[in-house]
Amino acid sequence: MRRLVQILSSSAWLGWQVEANWADPVLFLVYAIAKPLATTLILFFMVKVVSQGHATAETFRFIFIGNTFFLYVTEVLIGISWTVFRDREDYETLKYIYVAPIRLLPYLLGRAFTRVATATVGVLVALLFGRLVLGLTIGVPGTEWLLVLAAVALGLVGVLWLGIILAGTSLVVARHSMNLNEGLSGLFFLLCGAVFPLDVLPRWARAISLALPFTYWLELLRRMLTGHGFAKSLAAMSDGDLWRVLGIATLGLCLAAFLWFGWCERFARERGLIDWKTNY
Amino acid sequence: MAPDSAGSGPTLGQRIAMNAAAVYARGSVRVKASFRERSWLVGETLFPFLAMSAFVLVYRGLHAPREYEGFVVLGGAMIAYWNNVIWGMASQFFWEREQGQLQLYLITPVSRMSILLGMALGGIAMTTTRAAAILIGGVLLFHVDLPLSRALPAFGLFVLTLGAAYSLGMILSSLFLLWGREVWHTATILQEPIYLFSGFYFPVSAMGVVIAIAGSLLPVTLGLDGIRQVFYGPAAHGLLPLRWIPPIQIALTTLFLYIAHVALRFMEDLGKHEGRLTVRGD
Numbered sequence: 001m002r003r004l005v006q007i008l009s010s011s012a013w014l015g016w017q018v019e020a021n022w023a024d025p026v027l028f029l030v031y032a033i034a035k036p037l038a039t040t041l042i043l044f045f046m047v048k049v050v051s052q053g054h055a056t057a058e059t060f061r062f063i064f065i066g067n068t069f070f071l072y073v074t075e076v077l078i079g080i081s082w083t084v085f086r087d088r089e090d091y092e093t094l095k096y097i098y099v100a101p102i103r104l105l106p107y108l109l110g111r112a113f114t115r116v117a118t119a120t121v122g123v124l125v126a127l128l129f130g131r132l133v134l135g136l137t138i139g140v141p142g143t144e145w146l147l148v149l150a151a152v153a154l155g156l157v158g159v160l161w162l163g164i165i166l167a168g169t170s171l172v173v174a175r176h177s178m179n180l181n182e183g184l185s186g187l188f189f190l191l192c193g194a195v196f197p198l199d200v201l202p203r204w205a206r207a208i209s210l211a212l213p214f215t216y217w218l219e220l221l222r223r224m225l226t227g228h229g230f231a232k233s234l235a236a237m238s239d240g241d242l243w244r245v246l247g248i249a250t251l252g253l254c255l256a257a258f259l260w261f262g263w264c265e266r267f268a269r270e271r272g273l274i275d276w277k278t279n280y
Numbered sequence: 281m282a283p284d285s286a287g288s289g290p291t292l293g294q295r296i297a298m299n300a301a302a303v304y305a306r307g308s309v310r311v312k313a314s315f316r317e318r319s320w321l322v323g324e325t326l327f328p329f330l331a332m333s334a335f336v337l338v339y340r341g342l343h344a345p346r347e348y349e350g351f352v353v354l355g356g357a358m359i360a361y362w363n364n365v366i367w368g369m370a371s372q373f374f375w376e377r378e379q380g381q382l383q384l385y386l387i388t389p390v391s392r393m394s395i396l397l398g399m400a401l402g403g404i405a406m407t408t409t410r411a412a413a414i415l416i417g418g419v420l421l422f423h424v425d426l427p428l429s430r431a432l433p434a435f436g437l438f439v440l441t442l443g444a445a446y447s448l449g450m451i452l453s454s455l456f457l458l459w460g461r462e463v464w465h466t467a468t469i470l471q472e473p474i475y476l477f478s479g480f481y482f483p484v485s486a487m488g489v490v491i492a493i494a495g496s497l498l499p500v501t502l503g504l505d506g507i508r509q510v511f512y513g514p515a516a517h518g519l520l521p522l523r524w525i526p527p528i529q530i531a532l533t534t535l536f537l538y539i540a541h542v543a544l545r546f547m548e549d550l551g552k553h554e555g556r557l558t559v560r561g562d
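Here the protein sequences line up with chains A and B, keeping their order. Counting along the first sequence from 1, when you hit position 169 you're at 169 in our numbering, and nothing is skipped either side. Counting along the second sequence from 1, when you hit position 39 you're at 319 in our numbering, and nothing is skipped either side.
Hint data in this document are derived by calculation from the structure and do not stem from the laboratory. Remember, it's a predicted structure, so these values are computed and weren't measured experimentally. All clues stand as given, with none of them false.
Each computed DMTMM-like pair below joins lysine to aspartate or glutamate, with the alpha-carbon atoms no more than 20 Å apart:
#1 K48/A x E472/B
#2 K277/A x D90/A
#3 K277/A x E376/B
#4 K48/A x E347/B
Have a look at the derived ranges for each label pair, beta carbon to beta carbon:
#5 L134/A x A412/B: 33 to 39 Å
#6 D90/A x F315/B: 23 to 29 Å
#7 Y98/A x D549/B: 42 to 48 Å
#8 E89/A x I296/B: 35 to 41 Å
#9 V30/A x V311/B: 34 to 40 Å
#10 T408/B x A236/A: 44 to 50 Å
#11 T408/B x A207/A: 32 to 38 Å
#12 S238/A x L421/B: 33 to 39 Å
#13 D199/A x V439/B: 36 to 42 Å
#14 V489/B x H228/A: 36 to 42 Å
#15 A57/A x S429/B: 37 to 43 Å
Even for Gly, the Cβ is constructed at its ideal location relative to N, Cα and C.
Looking at chain A on its own, in the form it has when it is part of the complex (with noise of 0.2 Å):
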């Protein structure tokens, strides 16, 4: 256990070291929550415009907090498998970790830490913005904001273990697959209903929705931040109903992650594909 510590520090600390010491802190900062800000932004603006006797403010802090936490998706997924690329390829340094005594895994997890912390800065400077700036209310008085951390959690244990997936993934495929890899992250952002209710999509894309796990995590976030659900589909659902849904699926993210990740390891290692070069 103490090495497992040991190993995640160190690859959190390499991480941060490649991830922010391009720029001071305050320009790193700036970096970190100008995405999240401009998103929030863009979807305001969109509100504004069509505010006229339609939206509402109601409907907007729905969105709000459906785009906000749809961050930690979009950063670690595709933060980790970019880690893949980068180190086998712009680096080379993916070979040395396997003549290093540690394991790819628990060093891929620690190199996910940079990206769960400034997506996390992100998510925060969002919803204070959303709050102090934009007059949003975060949170209704039986909010129990313990809950909230853990469900905040919970999802990111399971982007975290798909994140492992497509690292694996990564490892044997070529450099400029990592565009499938940011396709994922769109088809998610369109299909769990981030910012929009999931009632407008088509029955056949909305199959889809109920399939994965970030559509869960999303309305459980909505209903104990707001008070109330913001998709018909899963009204029926209790609260208890989406965490039931939501630890099931963290779970079988988690083996799927060891599974598919520990295949792909070995194929790359037989296929001498550890030191793959692509770039072109």
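The hints should help you fit chain B onto chain A, whose structure is shown.
Frame of chain A, contents of chain B only:
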């Protein structure tokens, strides 16, 4: 190409021919490369299309008038070009330096502007396939109304907008020339915040006149605003009268090309003095 018989360097005709060849060579490489890797084609079309679809559905969820969905589809197509300006023009000399090709450009007897022009034309050709897919997909999937009778003036304005946008890309290219890893982050930061200030998903006038005018320093802002006005008239909530936009875009193109020319020479000299034109893995 050999110098003329007097040994005084190439003639004007030869120089023009060399530069035209450089434009063609750089442009054609970009077009061929973009079609060689199929996953890029899928990724560069699908990724922006998914994001665009999400924003279309935001308006649908808000029961907004249908022309707002048209705003998003036009914005989504324009984003493809803006991303190409950022990743394919502005940061291109950084990639070239990383791959050890920048010095090859610098020792050739052609203008750097010709190489950038080739990049721009190749980039436009490549991105047009992506933008067209986004536009066609948006029209077919979301039944967005784009009146074809107004397509010609919209296309004219679109061409002027691309001229100004890629000229801006040439300026950024010279600025990015000497940077290291911060190129990645700068390019990233020029995405979502620019989507906001250029009003890619909503009429830019919604942000108020002062911010919208500031955002209009970016050619894509005014271009998109004008194209929406052409297609949707007053419903586009245009920022400036439509007839003002073409001369502004022409003026911006001229200004940006001049600045790019000066900046490129300055940054190249600076890079030579500081020995940073061949630094790799920074």
